[in-house]
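With the hints as constraints, model all of the structure from the sequences given.
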Amino acid sequence: MKAKKGDWVNVYNIVLKPEERAPQVPDDTKKVPLETWVKGFIQHDAEIGDNVEIVTMTGRKVTGKLVEVNPSYTHSFGNTVPEVFKIGLQLREILFGGEDHE
Amino acid sequence: MNKDMSYSGVMSRRNEIMKKAVGIDYQRFEDTGIAFDYEKMMRETGYSLEEMKKIQGATGVGNTPLLELKNLTNLARKLAGKGKGARIFIKDEAANPSGSFKARRAANAVYHAKKNGYKGVIAATSGNYGAAVASQAAIHGLKCIIVQECYDSKGKGQPEIIEKARKCEAYGAEVVQLTVGPELFYTFLTLLEETGYFNASLYTPFGIAGVETLGYELCMQMREKEGRDPDVVVCTNAGGGNLTGTARGIIKAGADNTLIVGASVNLKGLHMASDEQFNKKSFTTGHTGFGMPFATWPDRSDVPRSAARPLRYMDRYVTVNQGEVFYMTEALAQLEGLERGPAGNTSLAAAFSLAQELDEDKIIIAQETEYTGAGKHIQPQLSFARENGIEIKFGDPREEIPGENIILPEHPRLIKAIDLDLDKIRRSYIKNCLQINNIKELSSNDLQFLAVETKTDLEFVKRVVEELKS
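If you read the protein sequences in the order shown, they are chains A and B. Each residue of the first sequence is one higher than the last, beginning at 89 in my numbering. Each residue of the second sequence is one higher than the last, beginning at 5 in my numbering.
No lab work stands behind these hints: they were computed from the structure. Quick caveat, the model's predicted, so the values are computed rather than measured. Ideal Cβ placement from N, Cα and C applies to all residues, glycine included. Where hints are given, some of them may not hold.
What the hints assert, rightly or not - Calculated Cβ distances over 12 Å to all of chain A for the following chain B residues:
id, residue
1, Lys7
2, Gly124
3, Glu280
4, Ile382
5, Gly393
6, Ile429
7, Lys444
8, Glu470
Unchecked claim - Now the stretches of chain B that chain A is said to cover, found in silico as 3 or more residues with beta-carbon under 8 Å:
id, segment
9, 63-72
10, 145-155
11, 167-179
12, 364-374
To be verified - Heads up, incomplete: computed chain A residues facing chain B, CB under 10 Å, no partners named:
id, residue
13, Glu108
14, Thr124
15, Tyr161
Right under this line is the structure:
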């Protein structure tokens, strides 16, 4: 995928390699690098995986590996967990149902 | 001159960077030994209550509704013994501009940054505070960077945190996202150094004092409504700022007999800096993973002396389980018509249980709510848990094991706030204080300081110190 100059993109960097991680970090976290992502407008045409320069919302120039063009919000309300609806039914039954409500 | 940008290089400049970025010389408040003058710090670097009300009011922060939860009160009374079941109220902090009480903290910090000529503000937070700072920065025309711990090493993000990033971006902020690890602080320092922006830390006197208006306001509202002070106020506790600020406001209102209860979601057994466990938790804030370490050592924060010191104010500290908080979140929607974010309902879950211990004529307040939306809602948070192999079922919440299952109470009578041993937590704090300061002999000033820090007395502190020696 290609990015054109001026596109809104997401770039990636490794902040610390596994061997550079802080001593207090748990073992499972020490096995992996500390990674970072930041978004901004790309300053030149590029392809995914290229090292690119962006300008962020605060005007900072950041270089990093281009990983996403036009990054979008995809979080949602997830797959419905139907148990949730049973909570309401039960509560209304306890509070308004039965003898107390007749 | 090229600065040393290595991890150790940047960390060694920590104090110098912080001094520039916060503008407080914390050394001024240090005594010899372990003590420091907390009240002097709050007085000389914070703002007065009147100033804060004005600052916050100018940006539409505060004056949120205090709502009586009549159906939940009736439910609690059905479950409680005869004559028991205090009236439950909630402070609807979701009504603040950025959707949570954090707007109060941010309003002060960003106002202070603007007044002192900073061009921008930075905050390290994966919570609602990010959006709060971004919103205030937008109002004051300052630039804003929010640094978030968001993903595990597989690039999988917590939906709750991703939503919070979106909200920050909606206010025009730059969001720097990271994988799991406390070295986020390193990135945070490099950004402060690079930009010269203000560190809108959660733990400065500005931030904490900003919450005082919440405690003050809820007392005034209660007096207006009922002609009296609340008997109990329950505060969700993580870093300690919410509880500290609220309690200070309650004290400033003169409500001396109001009991302050901290409540955290029980995440026992999950390590907060673990890559593998990061997505096994279903709450990203308001939990014991922050609550316990910050209570037992508040100065672990991103400033030399944290203004959030919950042990000074806490009368009780309780935990509730993830399943119980989700259940109460649904109860709030279905019985009170208020759809709010789960994490903010931690104090409500605890209040619902504690109300049943109190007589009917008592009043208990859950002091916050937060906004809800995609990612940050009972459905996506439970759905995310299920995708990550967490079992979700109805049962007895006491059997919940964080990281393995979420147990929704099969009946509301099973919702129980569980007391933590506050004296044990106080002992841990004293132990940490001695160890970290590497001090064996305490002056009378130090002993007095520890008594105030732990809301105990000299006798208690002396006994603990003796026990620690043996």
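Outcome of the hint check:
| no. | hint | result |
| --- | --- | --- |
| 1 | Lys7 | holds, 16 Å |
| 2 | Gly124 | violated, 6 Å |
| 3 | Glu280 | violated, 5 Å |
| 4 | Ile382 | violated, 6 Å |
| 5 | Gly393 | holds, 14 Å |
| 6 | Ile429 | holds, 21 Å |
| 7 | Lys444 | holds, 25 Å |
| 8 | Glu470 | holds, 30 Å |
| 9 | 63-72 | violated (count 0) |
| 10 | 145-155 | holds (count 4) |
| 11 | 167-179 | holds (count 7) |
| 12 | 364-374 | violated (count 0) |
| 13 | Glu108 | holds, 6 Å |
| 14 | Thr124 | holds, 5 Å |
| 15 | Tyr161 | holds, 5 Å |
Violated hints, in rising order: 2, 3, 4, 9 and 12; the structure is consistent with all others.
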